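S.K.: Below, each chain spelled out in residue letters.
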Amino acid sequence: MRSVEHSSAALIARSRRSTTALVIVATIVVTVGMTAVPSVQAQMYACGTPCYGTQAWSGGQIGAFTSISILPIYDNQIGCGDFCFINNEEWLSNQGCYCWIEAGYKSKSSQLYFFWAQNSGTCGNCFSEHFLADVPSADLYQRANILLHVYLQFFQVTMYGTDSSGNFWDYGGGFQPPTPSSDYIQIGQELHGNYSASAPQAAWDSNSWYTSDGNPHYQTSVDPNLQMVNSPISAYWNPDPQDSATGGTWFASCC
Amino acid sequence: MSYRRVEAVVVVLKWWYPTKSLRAGAVLGLSAIAGLGASVVIATAAAAPNTPHVAPPAPPPALSSAPSPQNSDVPGIAAIRPSLPDSGPQSPRISNADAAAFVMAHPPSETNTGAVRVSHVDFVTAAQLKTEGWDTGLADQRLLCRVQIEGTFTFPAPPGWHTRSGSVVYELFDARTGNLLLLKG
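Residue numbers (the numbering used here), protein chains in the order written: chain R, 15 to 269; chain V, 79 to 263.
Some hints could be false.
Facing chain R, from chain V, some residues (calculated, C-beta under 8 Å) [to be verified]:
no.: 1; residue: P130
no.: 2; residue: P135
no.: 3; residue: P138
no.: 4; residue: A144
no.: 5; residue: G154
no.: 6; residue: V199
no.: 7; residue: V202
no.: 8; residue: A205
no.: 9; residue: P237
no.: 10; residue: G238
no.: 11; residue: R242
no.: 12; residue: G263
Derived, one-sided and incomplete: chain R residues facing chain V with beta-carbon distance under 8 Å [said to hold, decoys possible]:
no.: 13; residue: F79
no.: 14; residue: S107
no.: 15; residue: Q156
no.: 16; residue: G186
no.: 17; residue: Y224
no.: 18; residue: P230
Read the hints as simulated data drawn from the structure, not as lab findings. Quantities reported herein were computed from a predicted structural model and do not represent experimental measurements. Virtual Cβ for every residue (Gly too), placed ideally from N, Cα, C.
Given the sequences, and given the hints that come with them, work out the whole structure.
M.R.: Okay, here's the thing in C-alpha cells:
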C-alpha cells in the first residue's frame, strides 16, 4: 500500500512538473505566434486600375526635388493579367504634351530596384523604363534623393544618396520631350495589382521646386484637391508644408 | 475578485504546489514568461514596419551644384544568368535562346493578357541603336541583347493620367551580364 502511495505521489509530482512545462511552452508559442502574425498577413485589394498615395503641385517651374526613405517594399504578384508592382517615387510632367519623367525605387516580382522612366507623348513607342540597379542592402534605411528638372531641351533625372557605410552613389539620365517645359510635380506611392504588396511607412522630405535661375524653393502649401489616396494605401502629411520650413513630410505605407 | 475567491485560489495553488520550492519555481516561471512576452512585444513594436528608423533627408541642391551622373554604365537589374563562356568583351555571354526563355518565363509586367510572343532576338551595340533613332543613354560600345515581344501591353502613367496601350515592346539586356537594362513600349 505504501509503495502504491509513493508511486501515486511521484506520478502527481511528475504531472505537475510536466503541466508547468507545457504551460510555459504553450505561452511562448502563443506569444511569439501572435506577435509574428502581422508580418505574414496578406491582403487582397483592387488596384488593377492603379492605386495611389500621392500629392501633386500644379504651376510653372523648371524642376522638383524630394528625399525619399529607402525601405524594403515588396510585391511578388506574377501572372496577374495586369501590371503589378509597388513603388515610391517622384514625377515631373508637362500636361500639354503627355510627357513626363519619373524616378524612384520599385518592387516587382519580389525584385527591389532603382528605376527611372520617361514618356514623350502618345506615340507607339513613347514609354521607356530604365532599370538602374538592384537596391543593395546597404542602401536600405538610407535616402534616395531625386532631382528631376528641365535642362535645355531635355528632361533630366539625377538620383543620388549615401549607403550605410558612407559611400556615395548616383544615377542619371534624360530624354528630349516634344515640349521641354514642366508644369506638374507629383510625389508618392503607386500600387498595381491585387495581392502580395507590402510597404513600410516611407517619407518624402525636403519637397521643393525650382525657379529658372536654378535655385530650389521648399514647397510651402498643398492643395487637398491634388491629393490622391486610394485604399489600401495610407498617406498623409505630417507636418504639412505650410507648417514646415523644409517642404513638409509626406508619408505613405501600404497593405 | 472578492476576498473569498482569492482565498479559494490560494488554497488550490497550495494544493497543486505543496512545497515552498515548487511555489517559488512557479512564481519564477511565470515571471520569466511575463518578461519574455514583454520583451517580444517591445522588440516587435520597435521593428514594426510602420516605424522604420531612416537616415535624415538631404536638402535640395542648387542645379549648378547638383551631381550630374551619366546613365551610360548602369549595371541594370539581375535577370538572365550567363550561360556562355567568356570569349572577350564584345562577345555575348547569353544566347538568343536564353533571352527568349527568360522573357517567356518573366513576361514584362506591363503585359495585359499574359499571352506574349518573342518575335525577334538580336545583339547590337548602343551605337547601332542610336543609328536607328533609339538613344538609350548607354555607352556606345556596350553590347546589348534586344528582344522584341508581341502581346497586349498597358503602360503606367502618373496619378490621374490615362494609361496607354501598345502591342509591341522591346527589352534590352546587357549581353555580358544578362542584366535587364531597359523596356521600351
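S.K.: A separate judgement is required for each hint: does it hold in the structure or not?
M.R.: To see whether the hints hold, each was checked on the structure:
| no. | hint | in the structure |
| --- | --- | --- |
| 1 | P130 | holds, 5 Å |
| 2 | P135 | holds, 3 Å |
| 3 | P138 | holds, 4 Å |
| 4 | A144 | holds, 6 Å |
| 5 | G154 | holds, 5 Å |
| 6 | V199 | violated, 18 Å |
| 7 | V202 | violated, 16 Å |
| 8 | A205 | violated, 17 Å |
| 9 | P237 | holds, 4 Å |
| 10 | G238 | holds, 6 Å |
| 11 | R242 | holds, 6 Å |
| 12 | G263 | holds, 5 Å |
| 13 | F79 | holds, 4 Å |
| 14 | S107 | holds, 6 Å |
| 15 | Q156 | holds, 5 Å |
| 16 | G186 | holds, 4 Å |
| 17 | Y224 | holds, 6 Å |
| 18 | P230 | holds, 4 Å |
In terms of the numbered hints stated before, the structure departs from hints 6, 7, 8, listed from lowest to highest.
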